[in-house]
Amino acid sequence: MAAPESGDGNNGAARMVTLISSDNTRFEVEAAAASLSQTLQLTILDGGGGGGDGIPLPNVDSATLSKVLEYCIKHAPAAANGGAPNATAVDRAELERFDNEFVNIDQSVLYSLIMAAHNLEIEGLQSLVAKKVADMIKGKSPMEIRRTLGFPDPTPEEQAEMNAHMLEYGWAYE
Amino acid sequence: MDESRKRTNPSSTPAAIVSVLTSDDLLGEILLRLAFPTHLIHAAAVCRRWLRVASDRALLARFRARHPPPLLGFYSVSNYIPKFWRAPGRHPPEIASAIRRAASLLDESGGGLVTDVVDSRGGHLLVNFGGRDAYDEAMVVSPLLLPTSSS
Chain A
1 MAAPESGDGN NGAARMVTLI SSDNTRFEVE AAAASLSQTL QLTILDGGGG
51 GGDGIPLPNV DSATLSKVLE YCIKHAPAAA NGGAPNATAV DRAELERFDN
101 EFVNIDQSVL YSLIMAAHNL EIEGLQSLVA KKVADMIKGK SPMEIRRTLG
151 FPDPTPEEQA EMNAHMLEYG WAYE
Chain B
1 MDESRKRTNP SSTPAAIVSV LTSDDLLGEI LLRLAFPTHL IHAAAVCRRW
51 LRVASDRALL ARFRARHPPP LLGFYSVSNY IPKFWRAPGR HPPEIASAIR
101 RAASLLDESG GGLVTDVVDS RGGHLLVNFG GRDAYDEAMV VSPLLLPTSS
151 S
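Chains A and B supply the protein sequences, listed in that same order. Residue numbering for the first sequence follows full-length UniProt numbering, starting at 1 and increasing by one per position. Residue numbering for the second sequence follows full-length UniProt numbering, starting at 1 and increasing by one per position.
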């Protein structure tokens, strides 16, 4: 980006860092994109991840990391604009389109993504995946929610508690 | 009981689903993004832990701030005849059922014995019960929490 060079360390705008997934795949990515992760931000500010070193991410496999970085690269420019207060409507619409498409994925990928977003503390991604799960369960009955998210079948005791709760809040089920 | 586990979980990530469901913070963030209080109530019935997370005061305060409760309508009383005025407009089914509930307090199914609605706070009403000739009795009722009767 053509942002004025300030605050971003002294290595220029396109400083690269290397991230290493749990299965030892190396990903080279712009520091600005990786810094969307609160967890990585300090390390990167301290100059970590450059050269041959790389930052190991023992909790994130390569398939998930590549997906996470796709998000970070797309969102880094807007984030660099301070949450993009001056972004155009077109830019915002494009990011929204990207986000919708981005979470249109298998449940298994989604769950890995949720964990990665949580571990790496990527705020925008956390919010995006949480919204996705919320969309999956909204309007569903408690039983349907359990099935959707892959809960085991309820024990008779759990079933009884569920029924009691549904009776108590009858109006919410009309 | 474990037989249900054979379903749906791709073998590559059996642990991930459990991980998602074991962090209260994460679950809270998901619940916050449900669109209506009714959705939150359904989620609360899923299991004990979800009930605990969904009942957390801080979470409920955030939920309320994010999804300000809509006005369902209001009660008025004249000549011992209380009336419920529904909020005008079209409502999503989640809100419409709550409005029916609020109104039903005053129909036959609600007893038809409310003579005065004195005050309201947080979904609770202070009402007087009793016929025109009977001795009125003050009572607190919560229309949304009344057990489902005939309707």
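A few of these clues could be false.
One-sided and incomplete, this derived list gives chain A residues near chain B with beta-carbon spacing under 8 Å [claimed, not checked]:
1) ASP53
2) PHE98
3) PHE102
4) LEU128
5) ALA130
6) LYS131
7) VAL133
8) ALA134
9) ARG146
10) HIS165
11) GLU174
Keep in mind the hints are simulated off the structure, nothing from the lab. Only a predicted model underlies this, so the values are computations on that prediction, with no experimental measurement involved. The beta-carbon is built from N, C-alpha and C at its ideal position, and this holds for glycine as well.
Next on the checklist: Output the indices of the hints that this structure fails to meet, ascending.
Outcome noted: 1, 2, 3 and 4
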